[in-house]
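This is what each chain is made of:
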Amino acid sequence: MKAAARSATIRWRGRAVFGPLIATLALGAGIIQAAGAALPADVGSDAPTVAILPAPPSKHWVWVNDFVFPHMSDGMAYLVDGDSGRYLGTLSTGFGFARLVLPRDGKLIYSPETYFSRGTRGTRTDVVTIYDAVTLKPQAEIQIPPKRASNVPTIGNSELTDDERFLLVYNFNPAQSITVVDMASRAFVGEVETPGCALAYPTGPRSFFSVCADGGLLAVQLDDAGKVVKQTHTEPVFDLAHDPVTEKPVRGGDAWYFISFAGKVYTVRNGASGPQAGDSWWLSTQAERAQGWRPGGVQQLAFHAGQKRLYAIMHQGPVETHKDPGKSIWVADVTTHRRVARFTTRRLSSAIQLSKDDRPLLFSAFNQSNILDVYDPLTGKLLRSVPEIGTSPTLLLTP
Amino acid sequence: MKWLDRMTEGSGRALARRMSRRSLLAGIGTLLLGAAAVPLLPVARGAEARPPAGRKPATPAADPGDPSSCEYWRHCAIDGFLCSCCGGSQTTCPPGTEMSAITWIGTCHNPADGKDYVISYNDCCGKSSCGRCFCNRNERDTSLYQPGQSNDYNWCSGSTQANIPYHCSTARIVGAAE
Numbered sequence: 000m001k002a003a004a005r006s007a008t009i010r011w012r013g014r015a016v017f018g019p020l021i022a023t024l025a026l027g028a029g030i031i032q033a034a035g036a037a038l039p040a041d042v043g044s045d046a047p048t049v050a051i052l053p054a055p056p057s058k059h060w061v062w063v064n065d066f067v068f069p070h071m072s073d074g075m076a077y078l079v080d081g082d083s084g085r086y087l088g089t090l091s092t093g094f095g096f097a098r099l100v101l102p103r104d105g106k107l108i109y110s111p112e113t114y115f116s117r118g119t120r121g122t123r124t125d126v127v128t129i130y131d132a133v134t135l136k137p138q139a140e141i142q143i144p145p146k147r148a149s150n151v152p153t154i155g156n157s158e159l160t161d162d163e164r165f166l167l168v169y170n171f172n173p174a175q176s177i178t179v180v181d182m183a184s185r186a187f188v189g190e191v192e193t194p195g196c197a198l199a200y201p202t203g204p205r206s207f208f209s210v211c212a213d214g215g216l217l218a219v220q221l222d223d224a225g226k227v228v229k230q231t232h233t234e235p236v237f238d239l240a241h242d243p244v245t246e247k248p249v250r251g252g253d254a255w256y257f258i259s260f261a262g263k264v265y266t267v268r269n270g271a272s273g274p275q276a277g278d279s280w281w282l283s284t285q286a287e288r289a290q291g292w293r294p295g296g297v298q299q300l301a302f303h304a305g306q307k308r309l310y311a312i313m314h315q316g317p318v319e320t321h322k323d324p325g326k327s328i329w330v331a332d333v334t335t336h337r338r339v340a341r342f343t344t345r346r347l348s349s350a351i352q353l354s355k356d357d358r359p360l361l362f363s364a365f366n367q368s369n370i371l372d373v374y375d376p377l378t379g380k381l382l383r384s385v386p387e388i389g390t391s392p393t394l395l396l397t398p
Numbered sequence: 000m001k002w003l004d005r006m007t008e009g010s011g012r013a014l015a016r017r018m019s020r021r022s023l024l025a026g027i028g029t030l031l032l033g034a035a036a037v038p039l040l041p042v043a044r045g046a047e048a049r050p051p052a053g054r055k056p057a058t059p060a061a062d063p064g065d066p067s068s069c070e071y072w073r074h075c076a077i078d079g080f081l082c083s084c085c086g087g088s089q090t091t092c093p094p095g096t097e098m099s100a101i102t103w104i105g106t107c108h109n110p111a112d113g114k115d116y117v118i119s120y121n122d123c124c125g126k127s128s129c130g131r132c133f134c135n136r137n138e139r140d141t142s143l144y145q146p147g148q149s150n151d152y153n154w155c156s157g158s159t160q161a162n163i164p165y166h167c168s169t170a171r172i173v174g175a176a177e
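Protein chains in written order, with numbering that gives the first Met the number 0: chain A, 0 to 398; chain Z, 0 to 177.
There could be a bad hint or two in this list.
[What the hints assert, rightly or not] Stretch-level coverage of chain Z by chain A, calculated; a stretch enters the list once three of its residues show a Cβ under 8 Å from a Cβ in chain A:
hint	stretch
1	106 to 112
2	116 to 128
3	132 to 139
4	163 to 172
[To be verified] Simulated crosslink set (SDA-like; lysine to any residue; CA at most 25 Å straight-line):
hint	chain 1	residue 1	chain 2	residue 2
5	A	Lys326	Z	Cys69
6	A	Lys263	Z	Cys69
7	A	Lys106	A	Thr233
Since the hints were derived computationally from the structure, they do not count as laboratory data.
Backbone N, C-alpha and C define an ideal beta-carbon position, used for all residues, glycine too.
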C-alpha cells in the first residue's frame, strides 16, 4: 500500500501534489452528495444541456464570417444578436473559408468548405455542408470538386439562384469555373466553364453572370436540371482601363450595384436578353474626388431594399488604397442618385451590412480587429460594440 | 482569345506609365509559359520564369531596404505574410514549403537605380499561415476577375503537391520594366 501510494504521487517543485489532489476531489464529491439532499426546493440540480437557437432567426442577427488569416485551416463564423450584442453561436468551417449562404426560410445554413485529411495536408475534400440553423450541427454534406477558390472572401464566391434551387460556387485552380449544386436533391450537378471570368452573381432562378477580364460579362442560363443551356459573353460594360470596378457589388432587386475604384456606381440589370449595363453615377462630387475620397474595404457596400439606399465605406487616399478600410459611411439613394447622409464611424471599417427589416441595423467590422459595431443606419449613432469577435472578420451576412 | 486581347489592351493602358511595349510583351510571354499546363490563363508562371534568351537577367545594381519590412520596394503589390520573416527570404521559400508555380505580378520602382522591375509574388505553400509580418500594398492591383495582377487570390491554388495551404509570399524579380 505504501509502495502504491508512492508511485501515484506526482511531484511539483519538489512537493507531492497528486495525493492531496485526490483527497480534495474525494472531499468535493462528498460535499456535492451531502448538499444535493439539502438544496432548497426552488433550486434544481443543473442537468447537462446544450443550447439551441430560437426559430426563425431574428432579422437583427448577423453572421460574422471569419477568414482567420493567421490560421486559415480554422475558418469560422459567429452569430451575434445586434439588439443585445449577445454572442449566440459558432460554426467551424474549414480551410480558406469564404462565406455562409443563408436560405430565406432560416431553417438551414449552407457552407462551401475545404478540408484536408491531415489538417493542412493529405487528401483535399471540398463539400457544401448543410447546417441545421437551430442546433448549428451539420445535417448533411454534398461533395463537390476540390477546386473551390481560395481568395479574400467576397459575396460572389458563392450564391444561390433566386429560387434557391441551385448553389453556385466559384472555382479557381487557376482554371476558372462555377460548380453547380442542386440543393433540392442535394447533389452535385456539374461545372460551368468560365475561362477569363470570375465569381457568380445570380440574376434569376436559372441565371447568373460572371465578370470577365475584359470588363464584359459572361451570362449563363441554366435549365431545370442545372445544366447550361446558353452562355453569352457581352461587350465590356465596365471601363477597366481607366477606372476598374471592384468585384464587391451588392444586389438590389433586379440590379447589381458595382462601384469603381474612384467611386462611380455601375448598375447591371437583368433584361430580357440577359444582364446589361444600366445607369451609372458618382457617389462623390468632383471636388470630393479631387480631395481623394474613394470607397475601400473588403465588403465596402451595403444595400437596403426597402429604403433603396446604398451604403459605402469611404476614405481619402490615392488609387492604390482602393482596398483600405475607412471611417466614413456615405449613403446614397439609388433612385435619385443623391447622397442622403454621411457619418463617421467610431473605428475603422472594412465590412458593412444592413439587416433586412423595416427598422434596420447597420453592422460594421474591420478585418484587422475583432470588434463588431452596431449603428443606427439612419442617424449614424453607435448603438453598441461587441468585443472579441474572431480574428480577421471579412464578410457580414444578415438573415 | 478575344477576351485576352481586350485584357492585354486594358492592362497595357494601365501599365503604360511604367512599362514599354517590349517589356509588356516579354511579360505576356511569361504569362503564357504556363499554357501547356493551364491553357490561356492570364497568370504568371513565375516559379519557372527565366529571362528570355538573349536578354541579360534583370538584376538591379542595388537592392535597398529591408526585405522583412512592408516598405521594402519590391513589396509594392504584395498581400500576405513576408517569407523573409518566416524562415525564407524575398526569393526563397521557408524550409518544408513549396513555391507556387503560378502567381500574380506587380511592377515596382527601385529607388536605388530609378528603374521599374516586374515582381513575381510566388506564394509558399503546404503549411498553415506563417502569421508574421503581414503586408498589404496594392499598387496597380486588380480585382479578382483580372487574376494575373490580383493579390487577393491564394496562389497556392495552382500547386499539385502542396494543394493550397498558404504560408507566406516572396517577391522575386523576373524582369526589368524598361
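Hint-by-hint comparison with the structure:
1. Only residues whose beta carbon comes within less than 8 Å of a beta carbon in chain A count, and the stretch 106 to 112 of chain Z has 0; fewer than three means the coverage is violated.
2. Beta-carbon proximity to chain A at under 8 Å applies to 4 residues in the stretch 116 to 128 of chain Z; the threshold of 3 is reached and the given coverage holds.
3. With a cut-off of 8 Å between beta carbons, the stretch 132 to 139 of chain Z has 6 residues touching chain A; three or more are needed, and the interface restraint holds.
4. With 3 residues having a beta carbon nearer than 8 Å to a beta carbon of chain A, the stretch 163 to 172 of chain Z meets the requirement of three or more and the stated coverage holds.
5. With a C-alpha separation of about 23 Å, the suggested pairing of Lys326/A with Cys69/Z holds against the 25 Å cut-off.
6. Our distance criterion of 25 Å between C-alpha atoms is broken by Lys263/A and Cys69/Z, whose separation comes to about 30 Å.
7. Simply put, Lys106/A and Thr233/A have alpha-carbon atoms about 37 Å apart, too far for the 25 Å limit, and the pair is violated.
Going down the numbered hints, you'll see the structure goes against 1, 6, 7, while the others check out.
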